[in-house]
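**Student:** Taken in order, these protein sequences are the chains called A and B.
Counting from 1, position 43 in the first sequence corresponds to residue 43 in my numbering; the numbering is continuous, with no gaps.
Counting from 1, position 79 in the second sequence corresponds to residue 79 in my numbering; the numbering is continuous, with no gaps.
Simulated from the structure, these hints should not be mistaken for laboratory data.
There's no promise every hint is true.
[To be verified] Per the computed footprint, the stretches of chain A lying under chain B, defined by three or more beta-carbons under 8 Å from a beta-carbon of chain B, are:
no., segment
1, 57 to 66
2, 106 to 120
3, 134 to 142
[Stated by the list, open to error] From the derived model, a few chain B residues whose C-beta atoms are all more than 12 Å from chain A:
no., residue
4, 43
5, 57
6, 68
7, 76
8, 89
By construction, the Cβ of each residue, glycine as well, lies at the ideal position given by its N, Cα and C atoms.
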Amino acid sequence: MIVGWFQEDALHPIPRINVALWLPKISESWAVVPFVLDTGAAVTCLHPNDALLRAGIAPIMLGDPLRWPAMATYQGIGGNVRYFKSPVQYRLEHNDASMQLLDGTIHVAPWSRETSPLPSVLGWDVLRHFRVVLDWSLGLVELHPLPTE
Amino acid sequence: MMSAIHDDASAPDMVIPDTGWDEAWRRAHEERAFWDAHRAEYTRSYPEQFVAIVDNKLVAHDLDLRTLLERLGSLGIDLGDVWVEYMVTSERPFLL
């Protein structure tokens with residue numbers, strides 16, 4: 001089981017979970033990002049604050065599509081945003097200290113005034129590997145392994 | 001114990017170093033504890049701003065992340081040493 005927490009913000013609690021990232025050809029060290037669990041997000045997205053300061057992505061990369069192997073456009077509440085796509089390895093720590101690795105693709109937001117304040121979100125490409133438990137009354141934020149995995 | 005799931009067949013073979021993991025995780029725990037203790041205070045003082053912390057001390061704040069990072073650069077601060085968070089308020093909550 002992977003254990004997260006509710007961040008108590010000004011208006012509502014935000015479910016977060018720490019996940020370590022490695023982006024090949026970009027990362028120089030492991031980066032742990034406090035993702036928001038977003039059951040409305042199709043994919044996992046890294047936003048500028050985390051990209052620059054936690055993942056160590058150079059600022060110039062967040063403004064230059066030519067530095068990325070691919071891009072994709074997603075619709076959100078605030079409109080359409082084009083994201084840079086990168087291979088990624090996620091490393092999640094279970095409460096028994098075991099590690100779970102997931103290979104996938106992460107979507108990195110270009111640097112803009114609109115995307116800068118946004119937290120990074122853990123979407124269904126990762127969440128579908130777990131039974132997700134969110135219980136504000138008990139303070140539970142948990143990802144449980146599926147029996148088949 | 002380590003288990004692996006290869007979720008993306010298009011992902012190239014990746015050589016992942018096993019070093020640095022413990023240090024990254026230790027810093028993440030420290031950072032979470034810091035923000036848990038101080039988020040409310042900084043949200044009151046610097047609403048809807050980015051707040052930069054080095055060694056548990058406030059070193060800069062700004063409405064704009066780019067401006068904040070430029071200021072940190074001018075102060076000679078390595079971005080790898082700084083914790084930055086945006087102070088969300090009830091006036092402009094996130095709608096993801």
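**Student:** Confirm or reject each hint.
**Tutor:** Going down the list of hints, with the structure as the test:
Interface restraint, the segment 57 to 66 of chain A with chain B: violated (1 residues with C-beta to C-beta distance below 8 Å; minimum three). Chain B is given as covering the segment 106 to 120 of chain A, and this holds because 6 residues of the stretch bring a CB closer than 8 Å to a CB of that chain, at least three being needed. Counting residues of the segment 134 to 142 of chain A whose C-beta sits closer than 8 Å to any C-beta of chain B gives 0, which falls short of three, so the coverage hint is violated. For residue 43(B), the non-interface assignment is contradicted: its Cβ lies about 6 Å from the closest Cβ of chain A, within the 12 Å cut-off.
At the 12 Å boundary, the C-beta of residue 57(B) stays outside the reach of chain A, the nearest C-beta of that chain being 16 Å off. Annotated as non-interface, residue 68(B) brings its C-beta within 12 Å of a C-beta of chain A; the closest such distance is 9 Å. With a least beta-carbon separation of about 16 Å from chain A, residue 76(B) lies farther than 12 Å from that chain, consistent with its non-interface assignment. In this structure residue 89(B) is not separated from chain A by more than 12 Å, as the shortest Cβ-Cβ distance comes to only about 5 Å.
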